[in-house]
Amino acid sequence: MASSLTSLSSIRIPRRCCRFALGRLSSSSPPALASRHSPWGRRPAPRPRRASFSLSFSRKLSRSSFSGGSRSSEVPSLKDFMAARSAASLSAAEIQPDLVPAAEGLSKGRIYQETYGCQMNVNDMEIVLSIMKNAGYSEVVDVPESAEIIFINTCAIRDNAEQKVWQRLNYFWFLKRHWKSNVKIGRSQSLRPPKVVVLGCMAERLKEKILDSDKMVDVVCGPDAYRDLPRLLEEVDYGQKGINTLLSLEETYADISPVRISKNSVTAFVSIMRGCNNMCSFCIVPFTRGRERSRPVESIVREVEELSNEGVKEVTLLGQNVNSYNDTSGLEKDVEPGTNWKLSEGFSSMCKVKKMGLRFADLLERLSTEFPEMRFRYTSPHPKDFPDELLYLMRDRHNVCKYIHLPAQTGSSTVLERMRRGYTRESYLDLVQKIRQIVPQMGISSDFICGFCGETEEEHEDTLSLVRAVGYDMAYMFAYSMREKTHANRNYDDDVPEEVKQRRLNELIEAFRESTGQCFDSQIGSIQLVLVEGPNKRAPDTELIGKSDRGHRVCFAKLPVIDHADNSTCKRNPSVGDYVEVHITKSTRASLFGEALAITKLSLFHRVQDEELVACESSA
1 MASSLTSLSS IRIPRRCCRF ALGRLSSSSP PALASRHSPW GRRPAPRPRR
51 ASFSLSFSRK LSRSSFSGGS RSSEVPSLKD FMAARSAASL SAAEIQPDLV
101 PAAEGLSKGR IYQETYGCQM NVNDMEIVLS IMKNAGYSEV VDVPESAEII
151 FINTCAIRDN AEQKVWQRLN YFWFLKRHWK SNVKIGRSQS LRPPKVVVLG
201 CMAERLKEKI LDSDKMVDVV CGPDAYRDLP RLLEEVDYGQ KGINTLLSLE
251 ETYADISPVR ISKNSVTAFV SIMRGCNNMC SFCIVPFTRG RERSRPVESI
301 VREVEELSNE GVKEVTLLGQ NVNSYNDTSG LEKDVEPGTN WKLSEGFSSM
351 CKVKKMGLRF ADLLERLSTE FPEMRFRYTS PHPKDFPDEL LYLMRDRHNV
401 CKYIHLPAQT GSSTVLERMR RGYTRESYLD LVQKIRQIVP QMGISSDFIC
451 GFCGETEEEH EDTLSLVRAV GYDMAYMFAY SMREKTHANR NYDDDVPEEV
501 KQRRLNELIE AFRESTGQCF DSQIGSIQLV LVEGPNKRAP DTELIGKSDR
551 GHRVCFAKLP VIDHADNSTC KRNPSVGDYV EVHITKSTRA SLFGEALAIT
601 KLSLFHRVQD EELVACESSA
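This note's numbering applies: residue 1 is where the sequence shown begins, and numbers increase by one.
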């Protein structure tokens, strides 16, 4: 199939190129014809006449042979060919030097990218850049005005995210539509009008609307079709619009090494699974990302090893439902009828697992064992997939961060039922209690939706009381936005007025702020292990910033401290990628502040802490 596509592309000459060839052959053609049909909008540099004739002849012959639309009078005869050949007196070896350098000098185009939405989209863009690099598109620029190809990776979770994308598409359309004038006044530096490519969830959801938007977009590509991007871009050269939004039951991009967008970062994302089977009534993800499928463990280990060799110190494992990871690529077994794999106590799932392989706890155990000096986080999980063995593993492994994102969505059992979440308020609170019993220092964050279909004031109050009862470290809170294709769209009315949604959202944010201050204040006086990520933007010359094990931002002064990592008594300034012991002295509702004590290693810090804990228990 690949060879067939290659052969087809070799004979499909754009109409404008055919006209250019005819213009050079015909003595009666006006001189401006070549310029008018040039893809660059200006007259190309002249070639030697005989080489041009040979090239033009082959193009004309290709058109007449394969298009089927040329008149017989336009087809060169053998007599024409022999006469031209005799006049040219050029061999193929003489023509080739003139043609090859031009082909080699053609640039496929520079890439500009923008990404909206979740961390999965960030990782997807890194996969796209890797695919494009392998196809010859190796240069990435920082501004769209300098790009021949513009990628915009989209999110369809909420209407607000889509509106941002439409605004940017309008600007990209302006760069393309008015390219000549933009270049003339210096606004654009691209070599030709840019091709605009829409990727991600919005591409799948609104593909027809996007392509019909006044030639605004050239290519629409869904999350499972990124391997097809080079071909889709070639289709644009032939006057076609490229579209592939087919969802896959198998695609995980396991064999692709992503091109990291943040080259000097000490943190990275690794996608371990794609899709979602939960079918929550408010969520469009199953319709834009497809069903769940997991990467093989070995491919994940290889990618993490590459990142470790590049100096990455912290990896976040990604998935739409990351803790339902199920690698069935190797040894697998059927799940007995009437049973399912272990879920959190009191939780249920609409989707029954048919084949059970290696679960998320197995993957996390493997990674934490093989990379003891690397920290691991994960997002975004579902509360149903927290069996006890996963919680105990998080307790026992020092390099698995003590932080769980636990999306509640609402604090009302009746709303949870309409949302088809598979649990009640009581079972959620029981899970929170179990987590904190097993890992007392665990940080917890959550997601909340205000104003879901039919939500009453009493149900809203249940959500406020849940936020106060749990005491979250972080929360992502939004007003409900109806999405097409979802269960809610088909069965419920979006009957909560917009002003009521916004008022409830403000009340929820205030309730969160009241409780989160206690989480940060409880860290005062403690010693936290902080991975330095860079200078504090508010004081870049004097302060550094990083994250603690629990995910809190920690700021501290950039001063020389002892380097325990090198077993040295000498002092030096901490740098990006260092683990630093920080004594917390102050907190706000969003950050911690402290004093750096020493540079250390991840395993060394926890070993010393364990020894001190044993000594305290012995003396008691």
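None of these hints come from the bench; they were simulated from the model. Here the structure is a predicted model, which is why all the values come from computation and not from measurement. Any given hint could turn out to be false.
Taking lysine-lysine pairs in the BS3-like style, the calculated list, with each CA pair at most 30 Å apart, reads [said to hold, decoys possible]:
no.: 1; residue 1: 263; residue 2: 215
no.: 2; residue 1: 434; residue 2: 485
no.: 3; residue 1: 207; residue 2: 184
no.: 4; residue 1: 215; residue 2: 184
no.: 5; residue 1: 207; residue 2: 558
no.: 6; residue 1: 263; residue 2: 601
no.: 7; residue 1: 485; residue 2: 537
no.: 8; residue 1: 263; residue 2: 485
no.: 9; residue 1: 215; residue 2: 241
Going through the hints against the structure:
For the suggested pair residue 263 and residue 215, the alpha carbons sit about 34 Å apart, so the restraint of at most 30 Å is broken. This hinted pair does not check out: residue 434 and residue 485 have alpha carbons roughly 36 Å apart, beyond 30 Å. A hinted pair counts as satisfied when its Cα atoms are at most 30 Å apart, and residue 207 with residue 184 does not qualify at roughly 33 Å. Taking the CA atoms of residue 215 and residue 184, the gap is near 22 Å; set against the 30 Å cutoff, the hint holds.
For the proposed pair residue 207 and residue 558, the alpha carbon gap of about 50 Å is over 30 Å, so the pair is violated. Using a Cα cut-off of 30 Å, the hinted pair residue 263 and residue 601 holds, with the two alpha carbons roughly 23 Å apart. Taken as a hint, the residue 485 and residue 537 pair is broken in the structure, with Cα atoms around 42 Å apart against an allowance of 30 Å. For the hint linking residue 263 to residue 485, the alpha-carbon distance of about 38 Å lies beyond 30 Å, and the restraint is violated.
Annotation: proposed proximity of residue 215 to residue 241 holds, straight-line Cα distance about 9 Å (limit 30 Å).
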